[in-house]
Amino acid sequence: MNNNKKEKIMQGVFLVTACVSILAVALICFFLFVNGFPAMKEIGLKNFQLGKVWKPGNKKFGIFPMILGSIYVTAGALVIGVPIGILMAVFMARFCPKKLHKIIKPAVDLLAGIPSIVYGFFGLIVLVPFVRNHFTGDGNSIFTASILLGIMILPTIISVSESAIRAVPDSYYEGSLALGATHERSVFLAVVPAAKSGILAAVILGVGRAIGETMAVMMIAGNQPRVPNSIFQGVRTLTTNIVIEMGYATDLHREALIATGVVLVVFILLINLTFSVIKRRSSKA
Amino acid sequence: MNKKEEKAINRLSVSDRVRTYLHHPGSLILWLLVVIAAIATLGVLFYLIGYILIHGIPYLTPDLFAWKYDSDNVSMMPAIINTILMTLISLVIAVPFGIGSAIYLVEYAKRGNKLVSVIRVTAETLTGIPSIIYGLFGMLFFVTYLKWGYSMIAGACTLAIMVLPVIMRTTEEALIAVPDSYREGSFGLGAGRLRTVFKIVLPAAVPGIMSGIILSIGRIVGETAALIYTSGTIADVALNPMNSGRTLAVHMYSLSREGLHTDQANATDVVLLIIVFLINGISGLVSRKFIKGEQEA
Chain H
1 MNNNKKEKIM
11 QGVFLVTACV
21 SILAVALICF
31 FLFVNGFPAM
41 KEIGLKNFQL
51 GKVWKPGNKK
61 FGIFPMILGS
71 IYVTAGALVI
81 GVPIGILMAV
91 FMARFCPKKL
101 HKIIKPAVDL
111 LAGIPSIVYG
121 FFGLIVLVPF
131 VRNHFTGDGN
141 SIFTASILLG
151 IMILPTIISV
161 SESAIRAVPD
171 SYYEGSLALG
181 ATHERSVFLA
191 VVPAAKSGIL
201 AAVILGVGRA
211 IGETMAVMMI
221 AGNQPRVPNS
231 IFQGVRTLTT
241 NIVIEMGYAT
251 DLHREALIAT
261 GVVLVVFILL
271 INLTFSVIKR
281 RSSKA
Chain A
1 MNKKEEKAIN
11 RLSVSDRVRT
21 YLHHPGSLIL
31 WLLVVIAAIA
41 TLGVLFYLIG
51 YILIHGIPYL
61 TPDLFAWKYD
71 SDNVSMMPAI
81 INTILMTLIS
91 LVIAVPFGIG
101 SAIYLVEYAK
111 RGNKLVSVIR
121 VTAETLTGIP
131 SIIYGLFGML
141 FFVTYLKWGY
151 SMIAGACTLA
161 IMVLPVIMRT
171 TEEALIAVPD
181 SYREGSFGLG
191 AGRLRTVFKI
201 VLPAAVPGIM
211 SGIILSIGRI
221 VGETAALIYT
231 SGTIADVALN
241 PMNSGRTLAV
251 HMYSLSREGL
261 HTDQANATDV
271 VLLIIVFLIN
281 GISGLVSRKF
291 IKGEQEA
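The listed protein sequences correspond, in order, to chains H and A.
Heads up, the first sequence is in the working numbering, so the first residue is 1 and it goes up one at a time.
Heads up, the second sequence is in the working numbering, so the first residue is 1 and it goes up one at a time.
Bear in mind the hints are in silico, worked out from the structure with no lab data behind them.
Since the structure is predicted, the reported quantities are computational estimates derived from the model, not experimental observations.
Pairs of lysine-lysine residues, derived as BS3-like cross-links and limited to a Cα-Cα distance of at most 25 Å, are as follows:
no., chain 1, residue 1, chain 2, residue 2
1, H, Lys-279, A, Lys-114
2, H, Lys-279, A, Lys-110
3, H, Lys-196, H, Lys-279
4, A, Lys-199, H, Lys-5
5, H, Lys-102, A, Lys-289
6, A, Lys-199, A, Lys-110
7, A, Lys-289, H, Lys-105
8, A, Lys-199, H, Lys-6
9, H, Lys-46, H, Lys-59
10, H, Lys-8, A, Lys-110
11, A, Lys-289, A, Lys-199
12, H, Lys-60, H, Lys-41
13, H, Lys-8, A, Lys-114
14, H, Lys-6, A, Lys-110
15, A, Lys-199, H, Lys-8
16, A, Lys-289, H, Lys-99
Here are some chain H residues the structure puts well away from chain A; computed CB gaps all over 10 Å:
no., residue
17, Leu-45
18, Pro-56
19, Phe-64
20, Ser-197
21, Ser-230
We treat Cβ as the ideally placed atom computed from N, Cα and C, and that holds for glycine.
Construct the entire structure; sequences and hints are all you get.
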């Protein structure tokens, strides 16, 4: 009897711990939305999201430049990170000898483990001067941020795509070889297309990582809140907007920053949703 | 013997390969692209590590490890101690909840339970939320609403929520990997569910759980954005968890933002990188052990 009671109690305890993640998500949404919505209402949803001027001193809170900034920087990161990442995944899954794989795999894991502040500092002392000296502008630009973010999303794209490529049955590859195709043709025209939903999921995870990155972008993107005219101009993203001004913001300014966070969360939730839809579709197929 | 023959048939000599590529220039281009991508990725990694080590190691002076921080020596010792404290507090909070919920999901929940899918979705959502949002939430909830102020404990709670899904997922995988025969044997001997979980299933899943904890340590040590507005940036050892204190990553951020101590920032970078090396190495060892254990079972 006593034992039975203990079982029941512990089951309840486990149930409660399991609900913590639900509670956490609920709390995060609640606190962000409650603190962010009043500002959106006061500024006006349209003025807030489509306003092109961010001047907290003049009570002008338009985050359109930051939304654009986030999109530009993420797109730039994808342009650099996706092709290299997928090719690297193909290399690891189908080209490199086993012995080499034993060295490369931990190296890619290491790339994933390096903190963003270390990437940011590397960008600050290596990439920014490089771009300043070899291209135009002062180096703090969309271009620089794209390169660095492209490097940072590499490990995500590589490891997810690699497992997708490895999950393709060997018969695809062998069948293609038997029809007389070369190794490369078989890999790129038979194996990779079969892994495309997994690779797409990898890209979306990469988007999530790039759009949410804060510290590294802040150190190298210039952070000017304006709509940029060229990729060699500085830009401010949603994430950096929060980090830069939160320290001294008060009242409406502070609430506008929290509302920036709300916009970011909505972006992220959309990305997550796409990701899980694709994952479900790929597991069905 | 058999294996050797098989290899001989499939093996291409260099001249074979050259001939193939001459006939199929498209394949040659694809091969080149793949190799270039591999060299680029590894090249970036080694350049990054090499650059940091070369520019940082010469400035690793004893001054940087002084017990007390001041603006002259910019010592990182308090930050290192804070990092250890922060890691410990976060794990003490996150590990029981993470393991508990994984146990519920794997051992208790019935199939098709609605709650399980809700928990899965929320855990996935938590994984996707960027660290700055955690920082914002921590500031609004722990620092402002609960009136804890900038403090280690506020930072640790924020980080605990951040690493919770990591621990949940790895523990869940480890528990699922424990063969059902273990549980059946235990039930067959008359043990209850609780006893089975704690005496049989959990011990078998320890390596998997450990790898999750190590992954979490890696995230905690490297985190900056979630800590600036929760645990603050005071550069002293926070012996009282209600005090503000900066971890090594936040220290690094402050140094690079001031821009006065580039050499010292480089040296701090080296220490941070070495810690990441160690964590990665240990996690590699543990997961190798995990895989080995699985094969034996």
